[in-house]
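Peer 1: What follows is each chain in one-letter form.
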Amino acid sequence: MGITGKDLFLIAPELALVVAATVVVLSGLVSRQRQLTLGLALLGLAATFAFGIALWDDVHANGAQSAFNDSLIVDKFALYIKFLVAGTAALVLIAGLEYAERFRPYESEFSGLVLFSASGLMLLAAAADLITIYVSLELATLPVVALAAFVRMRVAPIEAGVKYLLLSAVSSAFLLYGFAFLYGASGTMQVVSSGSAPTIAQSLAAGTAAVPFGGLAVMAGAVLATAGFGFKLSMVPFQMWTPDVYEGAPTPVGAFLATASKAAAFAVVLRLFYEALGGSSADWSTLFAVLAAITMTIGNLVAIVQSNVKRLLGYSAIAHAGYMLIGVAAVTAHGQETPDASGISSVLFYLAGYAAMTLAAFFAVLVLTQHSGDERIEAMAGIGKRAPLAALALAVALLGLTGIPPTVGFMGKLFLFNAAVNSGLVWLAVVGAVNSVVSAYYYVGIIRTMYLRQPTGEATPIAAAFSGRLALVVTLAAILVLGFWPGGLLEVARTAASGLVS
Amino acid sequence: MLTAITFVPMIGAALAMAVRGSARTTRLIALTTVLAELGLTISMYVIFNAQGDTYQFVQRAPWVSAFGIEFLMGVDGLSAPLVLLNGILGVAAVLVSWRVETRVREYFMWLLLLQGAVMGVFASLDLILFFIFWELELVPMFFLISIWGTGRKDYSAMKFLLFTFLGSAFMFAAILALYFSFPAGERTFDMTALIHKDLTNLIVPSSLVFSGFLVAFAVKLPIVPLHTWLPDAHTDAPTAVSVMLAGVLLKMGGYGLLRINAGMFPDELAAAAPLLAMLAVVNVLYGAFIVMRQTDLKRLVAYSSVSHMGFVVLGLASVGAGAAQLDGTGLNGAAMQLFTHGTITGLLFVVVGLVYDRAHTRHIADMGGLSGRMPLIAIGFMVAGLASLGLPTTSGFAAEIMVFLGTFPAYGLATALCAFGVVLAAGYILWTAQRTMFGPPLERWAHLQDATRVDVAAMGVLIVPIFVFGVYPALLTDVFDAGIAPIIASFAESASFVAGRGG
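Protein chains in written order, with my numbering: chain A, 10 to 511; chain S, 6 to 508.
Treat the hints with caution; some may be incorrect.
Which chain A residues face chain S? A few, computed with CB under 8 Å, are given here [unchecked claim]:
hint, residue
1, ALA226
2, VAL443
3, ALA472
Distance ranges between label pairs, derived from CB positions [to be verified]:
hint, chain 1, residue 1, chain 2, residue 2, range
4, A, LEU479, S, VAL63, 20 to 30 Å
5, S, ALA19, A, GLU467, 55 to 65 Å
6, A, GLY433, S, THR233, 32 to 42 Å
7, S, THR233, A, ALA55, 38 to 48 Å
8, A, VAL490, S, ARG104, 36 to 46 Å
9, A, GLN44, S, GLU191, 55 to 65 Å
10, A, LEU489, S, ILE47, 25 to 35 Å
11, A, PRO464, S, ALA19, 20 to 30 Å
12, A, GLY224, S, TYR160, 52 to 62 Å
13, S, TYR160, A, ALA472, 43 to 53 Å
14, S, GLU191, A, ALA472, 51 to 61 Å
15, A, ALA59, S, SER48, 40 to 50 Å
16, S, GLY44, A, VAL490, 24 to 34 Å
FYI, nobody ran anything at the bench for these hints, they're computed from the structure. Predicted model only: the values in this text are computed from it and were never measured. Where a beta carbon is used, it is the ideal one built from N, C-alpha and C, also for glycine.
For reference, chain A alone in the conformation it holds in the complex (with noise of 0.2 Å):
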């Protein structure tokens, strides 16, 4: 079966994406202007939203198509991913106008490289088998590898780099090494599928008694998959390169990281479980659900002794990545016999909100840490005065992120948690209440540092470009619009969700 237009289109976001990395990319070589660069790569992200509405339109009208024969699966569910991803990165790259100075002369490659690996993250969003998910997660990562350590002659970036690489490389491993199980249990790489191929979940419900060690195969091949994606998802125990390359990698880098990565990631677990093996007879509820309570417990008990506000914000992210991981082990305990999208949709909101509020963190950092480079908490005493907008953002940020109404932080925990009572893992709601408690008293230290303690050196203000006050003025309206009107996101979350559990 040959390609057709109907293919092109349906990947007509990650082609537009591609093409402007391209051209971005070439632009350097005839201009150095920053300014270019970006308009260039924000062109290329309208294109993508233009053609990712265009696209919704056609799957509300149609149902979910699929291209490349069966290798996409472009639905509405990976819509939202990509919407999510291709906006996180326009805000990355315009907070990090100014900060991109240190790439001279390669300003306009970290651009590409960003774009790049946004296209690889929408690509894995919509991949509907295991090759797919396999190539499309390389493409997302290795221009991560080369935008962590892209601030040369520094050794904190290149030891950042160069630790992404590595465990990358792990995890593609364990990866590989449970897609074989599962190919060989199931004899087929679908995980969905629209024509006559078999998908995993069908040749599974069919029977595995023929197959060597049949069922053991499925748990081998599931335990090595949730290993391998438990790197990208900074699930404990793989957790241990976040708070590292989060605090050695430029800014803009580790804001994409946080935010645009982990949103596919959780998009490719949530699709590869529920669809391929939520029929199986293994309890993944149980598995995620305790790996959820590990998870934020040790990322939140370990934050409270940070010192350096980007590592504080690694700790956060593996805790964020438990608090989440309850909606997968929700999505899971219900199983097939009661369809019910409460749990995933109650992710893919989280995963906006928390986009929204890791990359306030992350872009107030970048704004106060501009000059001085200093990232130290103490550091921050005394911002307050200092950068009013980049310490609000920063504060309300941190709130959110604590889960304090009214901000879309709160509203998303009361979603996951909704959501984990609603498959009667009252326990794991509670664990997550009292995370929360945890969490607040690292966050609000932060806060009362900006607030309450004198500068200690001169307390000149902090200019801020306009790029990066846009920045922080979006993502600052974000958290808090979302938390007082959560319904119309939600609802788009909902029908999202929804397309599969059908």
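Please arrange chain S on chain A, whose structure you already have, making use of the hints.
Peer 2: Chain S only, in chain A's frame:
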């Protein structure tokens, strides 16, 4: 109307922050806001018809319809007086803050935001809305204590935050468990609907849900041993914040116990009544004994709060008498105690703050003979003190006598022991008055000025309700009765549930 009552302080807060005038302008904005607020709450209270519908001024609008979260506000006999109380204390808090000089705009912004959030707690009838306001109140409190406080203010603010937040984590889980116990179509966060449902068969044992709420409210009230944040927070908070904290924030705990624990879980509350009676005795007596050995005037008042909140717990324990004998006197007394303690202890904190402003010490041993230098403040102290120990004609007497009458049939010994707490209160109040206000005038306090007109107004706002509701408590009790009646009815209902199951 309730929406207005909730959001007027918040609009005032925004105005106080937005208008960049002198400190005086900001103060006037704040004062106008709280006076308008007081006007609104008084008219709400007057219009409230104790013989009318259970819930009045109800406003209902969908909010997050996917989860059935509504913007549902309304008051019943239980919350209406507390809304009024918050209106009164708001005025006192702003007046007593007249001398705040640092970061004036921010200060009044947070103070007004605090008042608005507490209004929201009392006026919400949707559990999620209730919870949001409950959490929202933490933010202003944290900043008010840690910026304008004294002493170990950072420590106290953080301790307050973490204690309350931990309590509310349990409440949050309990709310969700409550929601999901019903089949898809019947799920609701609407308290007015939940109170009529049979909550004996939940997805987790109802005693766990009950305990989740109990822990959250016990932290707030506070019930020993969850009280340790309170003396710290009170001592280090600025005066107005202590007034609000003692006056209305603790009342949120008592209100929650009455509305949710008593209203929705009659069986569990009846089962827990012996425990509550015991805790009440511990609260009253332990609090009172600790008061005796305080050297810091403010800490003394803080511990007296712990002691007095024990009476609220005792009033709740009156349900142990069984549905047949339950006439609501004990519960009504508990509610009454919430209100009267708000005005009385609010006044005590105002007086302590005024003394501290002048003498710059709260150390009791350093004081003496202050009544000669500042007779008006001394009068305020004596009114509050005597009301606090339950002197007849003050509202403190009415509340305590009702608690004792209501609970005595159920737990005679516990009631007797708690009544001994009143004797102790008489002891420590009079002893403190003797050591601070009376006695020979000291030379070093010769320069102290008496209360200004603003200070007198701050005290007056609180003294008036103490006497009005003391002389004619029916003004309050009739309204509270209207709120308690449905709770009593739910006890009767649950008794018939039990009977029904038995047969």
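Peer 1: Which numbered conditions among the earlier hints are violated in the structure presented, ordered from lowest to highest?
Peer 2: Per hint list: 1, 3, 4, 5, 7, 13 and 15 violated.
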